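2 protein chains.
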Amino acid sequence: MFRPQIKVIDCTIRDGGLMNNSNFTFETVRAIYAAVCAANVDIVEIGYRNSKEMFSPSKYGLWRFCDDEVLKRLTDGIEPHTRLAVMQDAHKAVPEDLLPKSESVVDMVRIATYVKDIDKAIMLANNATEKGYQATINFMAISHVLERELDEALQQVEEETDVVACYLVDSFGALYSEDVDYLVHKFQRYLKTKEVGVHFHNQQQLAYANTIEAIIKNANYLDGTLYGLGRAAGNCPLELLFGFLKNPKFDLLPLLGVIGKEVLPLQKSIQWGYSVPYMIAGMLNRHPEAAIKLQSLPEDDPRRTDFVAFFEKMASEDA
Amino acid sequence: MFRPQIKVIDCTIRDGGLMNNSNFTFETVRAIYAAVCAANVDIVEIGYRNSKEMFSPSKYGLWRFCDDEVLKRLTDGIEPHTRLAVMQDAHKAVPEDLLPKSESVVDMVRIATYVKDIDKAIMLANNATEKGYQATINFMAISHVLERELDEALQQVEEETDVVACYLVDSFGALYSEDVDYLVHKFQRYLKTKEVGVHFHNQQQLAYANTIEAIIKNANYLDGTLYGLGRAAGNCPLELLFGFLKNPKFDLLPLLGVIGKEVLPLQKSIQWGYSVPYMIAGMLNRHPEAAIKLQSLPEDDPRRTDFVAFFEKMASEDA
Chain A
301 MFRPQIKVID
311 CTIRDGGLMN
321 NSNFTFETVR
331 AIYAAVCAAN
341 VDIVEIGYRN
351 SKEMFSPSKY
361 GLWRFCDDEV
371 LKRLTDGIEP
381 HTRLAVMQDA
391 HKAVPEDLLP
401 KSESVVDMVR
411 IATYVKDIDK
421 AIMLANNATE
431 KGYQATINFM
441 AISHVLEREL
451 DEALQQVEEE
461 TDVVACYLVD
471 SFGALYSEDV
481 DYLVHKFQRY
491 LKTKEVGVHF
501 HNQQQLAYAN
511 TIEAIIKNAN
521 YLDGTLYGLG
531 RAAGNCPLEL
541 LFGFLKNPKF
551 DLLPLLGVIG
561 KEVLPLQKSI
571 QWGYSVPYMI
581 AGMLNRHPEA
591 AIKLQSLPED
601 DPRRTDFVAF
611 FEKMASEDA
Chain B
301 MFRPQIKVID
311 CTIRDGGLMN
321 NSNFTFETVR
331 AIYAAVCAAN
341 VDIVEIGYRN
351 SKEMFSPSKY
361 GLWRFCDDEV
371 LKRLTDGIEP
381 HTRLAVMQDA
391 HKAVPEDLLP
401 KSESVVDMVR
411 IATYVKDIDK
421 AIMLANNATE
431 KGYQATINFM
441 AISHVLEREL
451 DEALQQVEEE
461 TDVVACYLVD
471 SFGALYSEDV
481 DYLVHKFQRY
491 LKTKEVGVHF
501 HNQQQLAYAN
511 TIEAIIKNAN
521 YLDGTLYGLG
531 RAAGNCPLEL
541 LFGFLKNPKF
551 DLLPLLGVIG
561 KEVLPLQKSI
571 QWGYSVPYMI
581 AGMLNRHPEA
591 AIKLQSLPED
601 DPRRTDFVAF
611 FEKMASEDA
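The listed protein sequences correspond, in order, to chains A and B.
Residue numbering for the first sequence follows our numbering, starting at 301 and increasing by one per position.
Residue numbering for the second sequence follows our numbering, starting at 301 and increasing by one per position.
Keep in mind the hints are simulated off the structure, nothing from the lab.
Possibly wrong hints are sitting among the right ones.
Intra- or inter-copy, both count: the list cannot distinguish identical chains.
To be verified - Capping the alpha-carbon separation at 27 Å, the derived lysine-lysine pairs in DSSO-like fashion look like this:
(1) Lys401 x Lys420
(2) Lys401 x Lys546
(3) Lys613 x Lys549
(4) Lys416 x Lys568
(5) Lys613 x Lys401
(6) Lys517 x Lys561
(7) Lys546 x Lys613
(8) Lys568 x Lys549
(9) Lys431 x Lys561
(10) Lys517 x Lys486
(11) Lys561 x Lys613
(12) Lys593 x Lys401
(13) Lys352 x Lys517
(14) Lys352 x Lys307
(15) Lys517 x Lys420
(16) Lys401 x Lys486
(17) Lys431 x Lys593
(18) Lys561 x Lys416
(19) Lys568 x Lys593
(20) Lys392 x Lys546
Bear in mind the structure is a predicted one, so any value in this text is a computation, not a measurement.
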């Protein structure tokens, strides 16, 4: 599926950072950045640009803040085939954290938001575009929104911003392909002058399949992460996405190399990928927090594998 | 997606047996059988009925042969909500290994075949139906067939057998949803009096998604395994499939229970599930054997994670 409009975004460090408070070493992030550039990925989102008032730098790593001087060191000496992005949470970031584009190596700012925070998101997106960056707005937890509110928010994005793309984000890994069709089509109906982006989680092993479905329906901004590293069951694996996209500019080998050297060793400290607790959360359309907590119990705690009790608890909390 | 014609087949022990020479303990198989019955799965395929001339019973476990007396002990005292199936490989089984149905607890015999062995498969399928069993014919390695030969074989299945279903088996985990559409439609065109079945492998994390795609296209025989246990990256996870199918007769809880107690502990001795070597094999439409071999190297062998070298070797062998 070679379509020149498609942009592939690696967000390994940004989404993976939700599992370790963004505490990746500089060397790991530099190796991943270099590999993603060598592979000709279009955009790499290296972390958050969130407020130090809301996140303590003593607890959270460099990649929760992505200070401009850190990013200059990160990118120094690496050919920038790949544009650099950071994410701001609508409810955890402030406009002052963005310098003018001329003073920064950042190219794109992605605003993550719940539908209810759309006005904050628009303010931050417009702050970014006014300062010279490209921007996107990414609607999180899309499986929990009221459609009337989503419709109104999409209309606002179309009319009140200059973002290049607007994303549907399946934070809970709850969507099936038919839901993806429906939502991509809805986004396209409102967003006449913007691209549609997609970001899926793998709680039900559907992140890659849903990305393919979205590609077929003409979504053009596609998020993936190396070996799927990301919150809970993780994301659409970038290496798989390269297999489906036939754009000859992509080079899979640098991705395979860095997965073996840098990403697999992270499994010692971060648990991501398919598991029964994540599957239960996805199937019930729930936040993965309780599943993450269950999996953080000691190895020999029998509650870790008492999936019947976990299911019953999760299902009853639905009531 | 509640459709009364749908039949769900658990083949955990049969397909998983390809990873350990069918050497599961009697207790494990009994626990899985009981759970699958309690969950109201339609059919359980508990192993192979292959020839002891071709497989040595000193190397292969009970579930490579599924002797009738073993199956009687296995099923004794468990309410048989679930029909019992065994698999015969067209090129590794003989008709004499099937007793008349009246002397056996087996209900269904599934014949696994390459397209080139279709005449042996038809002979074995007709042997089974004449002896009173239901039968299916399952075309393995469907991503490697010449279409003209497949067309002819499907015509033969329709005209020369009384099988209840005929399967497309994506042994290499190479198919995308568009391929699934195409093949299910082709099978349906030839098989006017039989159901279409699907069996997918998860090398590209598409086994469940492709099963959903096949359901939407009206395939009605659906294979899955507990926690995806099966060759290489494994199969469509049965617990996920239960989430998509809304038939109220299914009970997810017994599956969750037995996964925690019996299936997860098997991870100590069997490596299945998504990995980069399996992904490479699937993407290149290759047998997973080389990937299985790579993953059986000692933990500290650097070749295990040199995915660049593995990819280059696999890609060059394509030439």
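Hints, verified against the model:
Taking CA atoms no more than 27 Å apart as the test, Lys401 paired with Lys420 passes inside one copy only; the shortest distance there is 21 Å, against 70 Å between copies. In this homomeric assembly, Lys401 and Lys546 never come within 27 Å of each other (Cα to Cα): the closest approach is 33 Å inside a single copy and 52 Å across copies. For the homomeric pair Lys613 and Lys549, the shortest alpha-carbon distance between copies (21 Å) is at most 27 Å, but the shortest distance inside one copy (48 Å) is not. Proximity of Lys416 to Lys568 under the C-alpha cut-off of 27 Å is found in neither arrangement, the shortest distances being 37 Å within a copy and 46 Å between copies.
Taking CA atoms no more than 27 Å apart as the test, Lys613 paired with Lys401 passes in neither setting, with 48 Å inside one copy and 44 Å between copies. For the identical chains of this complex, Lys517 and Lys561 are neighbours neither inside a copy (35 Å) nor across copies (41 Å), given an alpha-carbon limit of 27 Å. Taking CA atoms no more than 27 Å apart as the test, Lys546 paired with Lys613 passes between copies only; the shortest distance there is 21 Å, against 44 Å inside one copy. For the identical chains of this complex, Lys568 and Lys549 are neighbours neither inside a copy (33 Å) nor across copies (40 Å), given an alpha-carbon limit of 27 Å.
In this assembly of identical chains, the alpha carbons of Lys431 and Lys561 never lie at most 27 Å apart, being 37 Å within a copy and 56 Å across copies at closest. For a Cα distance limit of 27 Å, the shortest separation of Lys517 from Lys486 qualifies both inside one copy, at 11 Å, and across copies, at 24 Å. When the C-alpha separation of Lys561 and Lys613 is checked against a cutoff of 27 Å, the pair qualifies only between copies, where the shortest distance is 19 Å, while the shortest distance within a copy is 39 Å. In this assembly of identical chains, the alpha carbons of Lys593 and Lys401 never lie at most 27 Å apart, being 39 Å within a copy and 51 Å across copies at closest.
In this assembly of identical chains, Lys352 and Lys517 lie within 27 Å of each other by CA distance neither inside one copy nor across copies; the values are 39 Å within and 52 Å between. Within a single copy, Lys352 and Lys307 get their C-alpha atoms no closer than 31 Å, and across copies no closer than 55 Å, so neither meets the 27 Å cut-off. Taking the shortest alpha-carbon separations for Lys517 and Lys420, neither the intra-copy value of 29 Å nor the inter-copy value of 43 Å comes in at or below 27 Å. In this assembly of identical chains, the alpha carbons of Lys401 and Lys486 never lie at most 27 Å apart, being 32 Å within a copy and 55 Å across copies at closest.
Taking the closest pair of Cα atoms, Lys431 and Lys593 never come within 27 Å of each other, the shortest separation being 40 Å inside a single copy and 54 Å across copies. Taking the shortest Cα distances, Lys561 and Lys416 never come within 27 Å of each other, neither inside one copy (41 Å) nor across copies (42 Å). In this homomeric assembly, Lys568 and Lys593 come within 27 Å of each other (Cα to Cα) both inside a single copy, at 17 Å, and across copies, at 23 Å. For the homomeric pair Lys392 and Lys546, neither the shortest alpha-carbon distance inside one copy (38 Å) nor that between copies (40 Å) is at most 27 Å.
Going through the hint list in order, the structure does not satisfy hints 2, 4, 5, 6, 8, 9, 12, 13, 14, 15, 16, 17, 18 and 20.
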